[in-house]
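Protein sequences, first through last, are from chains W and E. The opening position of the first sequence corresponds to residue 1 in UniProt numbering, with each subsequent residue numbered one higher. The opening position of the second sequence corresponds to residue 1 in UniProt numbering, with each subsequent residue numbered one higher.
Hints should not be assumed to be uniformly reliable.
Unchecked claim - Label pairs and their calculated CB-CB ranges:
| id | chain 1 | residue 1 | chain 2 | residue 2 | range |
| --- | --- | --- | --- | --- | --- |
| 1 | E | VAL86 | W | GLY44 | 21 to 27 Å |
| 2 | W | GLN58 | E | THR118 | 29 to 35 Å |
| 3 | E | ASP12 | W | GLY62 | 40 to 46 Å |
| 4 | E | ASP45 | W | THR41 | 38 to 44 Å |
| 5 | W | GLN58 | E | ASP45 | 19 to 25 Å |
| 6 | W | MET28 | E | ASP45 | 21 to 27 Å |
| 7 | W | VAL30 | E | GLU146 | 28 to 34 Å |
| 8 | E | ALA16 | W | ASP38 | 38 to 44 Å |
| 9 | E | PRO84 | W | GLN58 | 22 to 28 Å |
| 10 | E | GLU108 | W | SER43 | 27 to 33 Å |
| 11 | E | SER106 | W | MET1 | 25 to 31 Å |
Unchecked claim - If you want the ones that stay clear, here's a sample from chain W, every Cβ over 10 Å from chain E, calculated:
| id | residue |
| --- | --- |
| 12 | MET1 |
| 13 | LYS2 |
| 14 | GLY12 |
| 15 | LEU15 |
| 16 | ILE16 |
| 17 | ASN20 |
| 18 | SER26 |
| 19 | GLY44 |
| 20 | TYR49 |
| 21 | GLU61 |
| 22 | ALA65 |
| 23 | ARG66 |
| 24 | ILE68 |
| 25 | LYS80 |
| 26 | LYS82 |
Said to hold, decoys possible - Short, incomplete list of chain W residues facing chain E, as computed with Cβ under 8 Å:
| id | residue |
| --- | --- |
| 27 | CYS7 |
| 28 | THR13 |
| 29 | MET19 |
| 30 | VAL24 |
| 31 | SER40 |
| 32 | SER43 |
| 33 | SER53 |
| 34 | PHE74 |
If you're looking for bench data, these hints aren't it; they were derived computationally from the structure. Positions of the beta carbon are idealized from the N, C-alpha and C atoms, including for glycine.
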Amino acid sequence: MKVLCVCGLGQGTSLILRMNVENVLSAMGVSADVEHTDVSTASGTAADYIITSQELAQSLEGHSARIIVVNNYFDNDEIKQKLEEAL
Amino acid sequence: MKFLEPPLIALDAEAASAEEAIRLAGALLTEAGAAEARYADAMVDSYRERGPYFVLAPSIALPHARAQDGVIEAAVSFVRLKEPVVFGHSANDPVQLVFALGGSDSGEHIALLRQLTTLLSSPAHLEQFKQAADVEAIQQIIRGNEQ
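Using the sequences plus the hints, can you model the full thing?
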């Protein structure tokens with residue numbers, strides 16, 4: 001399973017999201033290949049799931065991955081809930 | 001690497017707009033010698049082009065640009081706004097706590113982000129950032145997190 005965490009530049013906020021997504025997935029006992037990248041690279045990258053903000057989700061419409069929107073990147077409960085719904 | 005050292009912190013600063021708030025946080029990086037003045041411009045440009053996606057949680061923004069936009073040393077600055085301002089985010093407006101990230105291409109960048117993520121993932125710490133009376137109180141939160 002491949003998961004992309006996506007932000008505007010692919011350097012700061014997507015890495016923060018990735019850290020928390022990895023923590024949550026590992027607590028859920030799910031093994032996954034989690035990467036972080038910017039929104040334009042993500043458009044051309046195959047993945048099973050893309051996790052990003054509402055703001056950027058719109059520019060990823062049409063991607064074959066399932067898009068998961070997270071509002072609070074620091075709230076592991078929200079991330080866990082969204083992942084459980086999606087997986 | 002400079003992580004929220006006293007010269008990188010401004011409490012109860014006044015900003016009339018998101019751009020002003022980003023510039024205040026950028027100016028702290030520049031004054032501390034961690035970034036060139038153009039880095040603040042790059043953060044503002046990124047906000048204009050890509051929108052407020054970096055408002056990562058209720059009341060918290062993490063503006064940043066690319067390392068090649070003028071970062072001298074990996075650093076994080078912090079501006080607490082006296083009055084919260086609207087960044088235009090669908091879920092997390094208005095913003096009161098602004099942490100500007102000056103990322104580098106090195107492992108230090110990841111260390112900074114990890115430290116910041118740990119700090120901000122704790123609701124108790126967040127409340128302390130909002131309530132701290134002075135810079136020393138902020139330093140205590142950070143030291144407590146490192147232990």
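Each hint tested on the structure:
1. VAL86/E with GLY44/W: 21 to 27 Å: Violated, at about 33 Å.
2. GLN58/W with THR118/E: 29 to 35 Å: 30 Å, holds
3. ASP12/E with GLY62/W: 40 to 46 Å: Holds, since ASP12/E and GLY62/W (Cβ atoms, about 45 Å apart) stay within the stated range.
4. ASP45/E with THR41/W: 38 to 44 Å: Hint violated: Cβ distance 19 Å, outside 38 to 44 Å.
5. GLN58/W with ASP45/E: 19 to 25 Å: 20 Å, holds
6. MET28/W with ASP45/E: 21 to 27 Å: 38 Å, violated
7. VAL30/W with GLU146/E: 28 to 34 Å: 30 Å, holds
8. ALA16/E with ASP38/W: 38 to 44 Å: Since ALA16/E and ASP38/W have Cβ atoms about 30 Å apart, the given range 38 to 44 Å is violated.
9. PRO84/E with GLN58/W: 22 to 28 Å: Cβ of PRO84/E to Cβ of GLN58/W: about 25 Å, so the range 22 to 28 Å holds.
10. GLU108/E with SER43/W: 27 to 33 Å: Given about 29 Å between the Cβ atoms, the range holds.
11. SER106/E with MET1/W: 25 to 31 Å: 30 Å, holds
12. MET1: 23 Å, holds
13. LYS2: 21 Å, holds
14. GLY12: 4 Å, violated
15. LEU15: 5 Å, violated
16. ILE16: Not fine: 5 Å to the nearest Cβ puts ILE16/W too close to chain E.
17. ASN20: 7 Å, violated
18. SER26: Its Cβ never comes within 10 Å of chain E, the nearest being 15 Å, so this holds.
19. GLY44: The assertion about GLY44/W holds, with a minimum of 18 Å to chain E.
20. TYR49: TYR49/W clear of chain E: closest Cβ-Cβ about 18 Å, beyond 10 Å.
21. GLU61: 15 Å, holds
22. ALA65: The assertion about ALA65/W holds, with a minimum of 18 Å to chain E.
23. ARG66: 19 Å, holds
24. ILE68: 14 Å, holds
25. LYS80: 13 Å, holds
26. LYS82: Fine: 13 Å to the nearest Cβ keeps LYS82/W off the interface.
27. CYS7: The hint holds - CYS7/W has a Cβ within 8 Å of chain E, the shortest such distance being about 6 Å.
28. THR13: Where the cut-off is 8 Å and the nearest Cβ of chain E is about 5 Å from THR13/W, the hint holds.
29. MET19: Result: holds, 5 Å to nearest chain E Cβ.
30. VAL24: 11 Å, violated
31. SER40: Constraint on SER40/W not satisfied, violated at 10 Å.
32. SER43: 14 Å, violated
33. SER53: 5 Å, holds
34. PHE74: Holds, about 5 Å.
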